[in-house]
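Protein chains in written order, with the working numbering: chain A, 27 to 462; chain B, 27 to 462.
Hints in this document: simulated from the structure, not taken from any laboratory.
Yeah, the Cβ is synthetic: ideal placement off N, Cα and C, and Gly gets one too.
Where hints are given, some of them may not hold.
[Claimed, not checked] Listing some non-contacts, in silico: residues in chain A with all C-beta distances to chain B over 12 Å:
id: 1; residue: Asp50
id: 2; residue: Asp105
id: 3; residue: Thr149
id: 4; residue: Arg208
id: 5; residue: Val234
id: 6; residue: Gly278
id: 7; residue: Gly285
id: 8; residue: Gly353
id: 9; residue: Ile370
id: 10; residue: Ala394
id: 11; residue: Glu407
[Stated by the list, open to error] Rough simulated footprint, nothing fancy, chain B against chain A, three-plus residues with beta-carbon under 8 Å:
id: 12; region: 256 to 265
id: 13; region: 317 to 325
id: 14; region: 378 to 386
id: 15; region: 411 to 421
2 protein chains.
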Amino acid sequence: MGSVNVSQSAAAAAARGPGRAPSDQVAVRRANLVRVLGEVRSAGPLSRATVARHTGLTRATVSSLVAELIERGLLRETDFQQDGSVGRPGRRLEIDGRAVAVLGLEVNSRYLAARSTDLADGTRQERRVVHDATREGAERTIRALAGIAAELLDEARAAGAHTAGIGVAVPGPVDAADGSVRAAPNLGWRDVPVARLLRDHLGLPAEVPVVVDNEANLAALAERGRPGSRAADLVYVTGEAGIGAGIVADGGLLRGAGGFSGELGHLQVDPAGERCACGRTGCLETKVGLTAAIRTAAPDLADGPAGAVALDPQELAAELLRRATEGDPRALGGLDEIGRWLGIGLAIPVNLLNPEVIVLGGYFATVAPYLLPAAMRELRERAVAGDPAVARVTGSALGFTAAVRGAAGVVVEEVFADPARLIPPAAGVAVPGLQG
Amino acid sequence: MGSVNVSQSAAAAAARGPGRAPSDQVAVRRANLVRVLGEVRSAGPLSRATVARHTGLTRATVSSLVAELIERGLLRETDFQQDGSVGRPGRRLEIDGRAVAVLGLEVNSRYLAARSTDLADGTRQERRVVHDATREGAERTIRALAGIAAELLDEARAAGAHTAGIGVAVPGPVDAADGSVRAAPNLGWRDVPVARLLRDHLGLPAEVPVVVDNEANLAALAERGRPGSRAADLVYVTGEAGIGAGIVADGGLLRGAGGFSGELGHLQVDPAGERCACGRTGCLETKVGLTAAIRTAAPDLADGPAGAVALDPQELAAELLRRATEGDPRALGGLDEIGRWLGIGLAIPVNLLNPEVIVLGGYFATVAPYLLPAAMRELRERAVAGDPAVARVTGSALGFTAAVRGAAGVVVEEVFADPARLIPPAAGVAVPGLQG
Chain A
27 MGSVNVSQSA
37 AAAAARGPGR
47 APSDQVAVRR
57 ANLVRVLGEV
67 RSAGPLSRAT
77 VARHTGLTRA
87 TVSSLVAELI
97 ERGLLRETDF
107 QQDGSVGRPG
117 RRLEIDGRAV
127 AVLGLEVNSR
137 YLAARSTDLA
147 DGTRQERRVV
157 HDATREGAER
167 TIRALAGIAA
177 ELLDEARAAG
187 AHTAGIGVAV
197 PGPVDAADGS
207 VRAAPNLGWR
217 DVPVARLLRD
227 HLGLPAEVPV
237 VVDNEANLAA
247 LAERGRPGSR
257 AADLVYVTGE
267 AGIGAGIVAD
277 GGLLRGAGGF
287 SGELGHLQVD
297 PAGERCACGR
307 TGCLETKVGL
317 TAAIRTAAPD
327 LADGPAGAVA
337 LDPQELAAEL
347 LRRATEGDPR
357 ALGGLDEIGR
367 WLGIGLAIPV
377 NLLNPEVIVL
387 GGYFATVAPY
397 LLPAAMRELR
407 ERAVAGDPAV
417 ARVTGSALGF
427 TAAVRGAAGV
437 VVEEVFADPA
447 RLIPPAAGVA
457 VPGLQG
Chain B
27 MGSVNVSQSA
37 AAAAARGPGR
47 APSDQVAVRR
57 ANLVRVLGEV
67 RSAGPLSRAT
77 VARHTGLTRA
87 TVSSLVAELI
97 ERGLLRETDF
107 QQDGSVGRPG
117 RRLEIDGRAV
127 AVLGLEVNSR
137 YLAARSTDLA
147 DGTRQERRVV
157 HDATREGAER
167 TIRALAGIAA
177 ELLDEARAAG
187 AHTAGIGVAV
197 PGPVDAADGS
207 VRAAPNLGWR
217 DVPVARLLRD
227 HLGLPAEVPV
237 VVDNEANLAA
247 LAERGRPGSR
257 AADLVYVTGE
267 AGIGAGIVAD
277 GGLLRGAGGF
287 SGELGHLQVD
297 PAGERCACGR
307 TGCLETKVGL
317 TAAIRTAAPD
327 LADGPAGAVA
337 LDPQELAAEL
347 LRRATEGDPR
357 ALGGLDEIGR
367 WLGIGLAIPV
377 NLLNPEVIVL
387 GGYFATVAPY
397 LLPAAMRELR
407 ERAVAGDPAV
417 ARVTGSALGF
427 TAAVRGAAGV
437 VVEEVFADPA
447 RLIPPAAGVA
457 VPGLQG
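Could you build the full structure based on these sequences and the hints that come with them?
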């Protein structure tokens with residue numbers, strides 16, 4: 027009965043209306059900052075009068091809040107000329123992304139990625155470098171990641187932007203309390219304190235938050251936040267060497283009791299199948315992971331000393347697509363077989379969670395047209411409640427960038443959720459360069 | 027980012043503090059009624075002064091709200107003598123359940139159940155009658171259910187209680203908009219307007235809500251609401267002829283986009299297995315449903331013209347337990363085998379959802395000691411994130427009453443979520459007897 031909880035929570039705040047104790051005044055102002063900023067974000071550009079009307083706040087209160095948000099570099103006020111009108115233009119409030127920089131980072135088994143954005147999700151800079159995190163190990167990998175981060179932070183600082191925080195996507199379950207990776211089987215990592223290592227290398231002040239989360243969770247948030255895709259119930263499925271799921275239920279991320287949700291890749295789909303890297307038998311990952319796809323659809327690419335896993339997954343996906351598009355029978359037959367197993371796997375979240383949308387990431391997104399016919403056939407046969415229960419399945423429009431976008435996005439949301447936490451640019455916290 | 031949404035929602039309400047528009051006054055008073063009632067419910071008995079302090083409301087506001095809640099029969103004020111103190115006793119507010127009656131009903135394939143409670147979840151009356159809903163069909167079944175409901179409503183009225191609403195548990199997905207059952211495969215029902223039929227038979231006034239929901243969802247809510255079991259992430263698994271799951275995630279029921287979540291019983295666990303009643307192959311239900319359990323652990327009970335399904339599931343469960351307790355090798359071996367498959371099935375929600383607790387209902391609860399060793403062995407082997415990710419698995423203490431308790435509980439929560447909706451006893455809406 028989440029609705030009950032929500033209404034009680036809203037009630038608790040609303041209850042402080044008449045007869046509110048003075049100690050609540052700071053909390054109310056903080057909440058009002060969120061309210062005004064959120065209003066401009068969702069409906070802006072808006073005049074002050076419209077903000078007052080939408081929020082139920084007085085004009086005087088709105089003006090005081092707007093002054094603080096402008097000072098913090100979150101809002102700006104610009105002239106606005108109504109179409110066809112003459113005379114003095116009105117003034118409109120809008121989100122001022124330029125003064126704030128947010129950094130998203132990703133540790134993948136084959137590459138490191140970084141992306142800096144402003145508050146309006148405008149990209150400042152992107153980086154993507156091939157990196158073997160398994161061979162390099164945690165220490166050297168985080169040092170390399172910090173090097174890329176420092177470049178992007180320098181660029182943002184040179185452009186006069188204040189760093190609001192850093193989000194990091196990692197391929198494994200994370201301890202949210204301290205931002206450490208508990209286990210990343212595809213990297214061979216265990217208990218790596220990613221947030222602390224990154225802070226140390228960058229010499230970050232304590233005021234700049236570093237948020238570490240599972241790549242599938244962050245990709246799911248990035249997909250949920252895309253314009254036009256605001257599904258309240260969505261499952262994002264990663265498609266690389268490892269297969270995992272990020273689950274959005276009722277609009278929020280479903281993390282589970284210990285943050286271990288979404289282990290879709292190691293659900294058993296074939297008890298008579300082959301052994302998985304995890305030690306179990308017949309896992310979905312052995313059927314539809316990128317390694318299985320190469321073996322099934324383009325076995326010649328798996329040749330060589332280290333096999334296909336030594337290549338960049340994005341390049342492998344592009345090569346699979348090229349072959350399928352050219353009508354290569356091995357590629358077409360292999361992808362159809364992969365699609366069939368993918369449908370068998372997707373039937374599990376469909377029947378258990380009934381999502382509105384399933385978004386396929388990684389190589390699945392690249393070759394989706396060649397996977398989906400077989401996958402949907404399998405899914406329709408297996409959906410217990412019939413066609414109305416079959417989720418819409420779609421390739422991610424964000425491709426291999428979903429996780430790093432989600433990592434930046436999660437910090438953007440933190441700013442909108444509590445703008446008072448953001449240090450105003452005037453306070454001038456300079457982010458130092460790379461240390462140690 | 028559910029937390030973001032919640033904080034913005036609370037903020038939206040809090041924002042209406044200074045400079046609040048007059049049109050919000052009614053909403054604020056409604057929210058304050060919820061707040062005061064909730065405070066007494068969770069922390070009571072409490073003095074008016076303590077309620078004022080906990081809610082941040084003024085004494086005068088609290089007194090006005092308390093007067094309304096007493097008038098509506100939801101609160102009462104009693105003398106309270108501090109231990110060891112002398113002199114005039116203080117006055118304390120507490121929930122007054124007696125003036126309100128809530129009715130929970132359940133349609134099972136083998137029986138009908140009813141339970142009336144007061145607001146404090148004190149049972150007034152219980153009924154349970156054997157009824158073959160498959161053979162009788164929807165019309166006659168709902169008529170029989172209405173007959174039982176009318177008896178309990180008469181009793182409540184005779185005791186001076188006002189009926190706050192009726193909850194109905196059914197074994198299949200429900201259209202929440204109109205309270206109709208879309209499909210109940212084990213009953214052979216499709217598109218049955220349960221709420222409307224029940225209203226017509228009982229001649230219920232429009233002000234009395236009738237809430238229809240899936241039995242597994244309602245049982246999950248009943249389990250979540252038990253004292254000492256407030257897990258935010260919980261999966262309830264029904265154990266009768268049909269197997270289904272009710273999923274609580276982050277404290278709220280996970281219904282999915284169309285209300286089709288929880289179809290655990292028809293996930294495939296054995297592609298080489300036998301055909302299920304649903305037409306698919308190797309469903310979990312074919313391995314651990316009550317019919318499979320009888321066939322495996324007590325095949326002689328399945329003899330006779332209609333087989334084991336003609337018996338009451340509660341009696342069958344008791345007979346299984348009796349045989350296992352007496353050391354019957356067929357029963358022990360069979361339940362161990364069922365336990366193994368149950369563990370294989372439970373590994374799916376464990377890996378996908380990472381619940382803190384899995385509660386086993388129906389016959390699973392009765393024979394849990396003979397199922398759990400094999401089930402936990404299987405579950406520990408299959409939990410991808412290892413032991414920290416293995417849910418606590420426990421038999422339901424509510425047994426076969428979980429669904430009907432949940433059905434009553436959901437109406438109780440509606441009263442606490444909006445006490446202003448409840449018609450005060452003074453208005454005297456008499457619930458008429460059985461019609462048609």
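The hints, checked one at a time:
1. Asp50: The assertion about Asp50(A) is violated, with a minimum of 6 Å to chain B.
2. Asp105: holds (27 Å)
3. Thr149: Correct as stated: the minimum Cβ-Cβ distance to chain B is 21 Å, above 12 Å.
4. Arg208: The claim is violated: Arg208(A) sits with its nearest Cβ about 7 Å from chain B, within 12 Å.
5. Val234: holds (19 Å)
6. Gly278: violated (2 Å)
7. Gly285: violated (7 Å)
8. Gly353: holds (31 Å)
9. Ile370: Non-interface label on Ile370(A) violated, nearest chain B Cβ at 8 Å vs cutoff 12 Å.
10. Ala394: The assertion about Ala394(A) holds, with a minimum of 21 Å to chain B.
11. Glu407: Given a closest Cβ separation of 8 Å, the condition is violated.
12. 256 to 265: Result for this restraint: holds, n = 3.
13. 317 to 325: violated (count 0)
14. 378 to 386: holds (count 5)
15. 411 to 421: Since 5 is at least three, the answer is holds.
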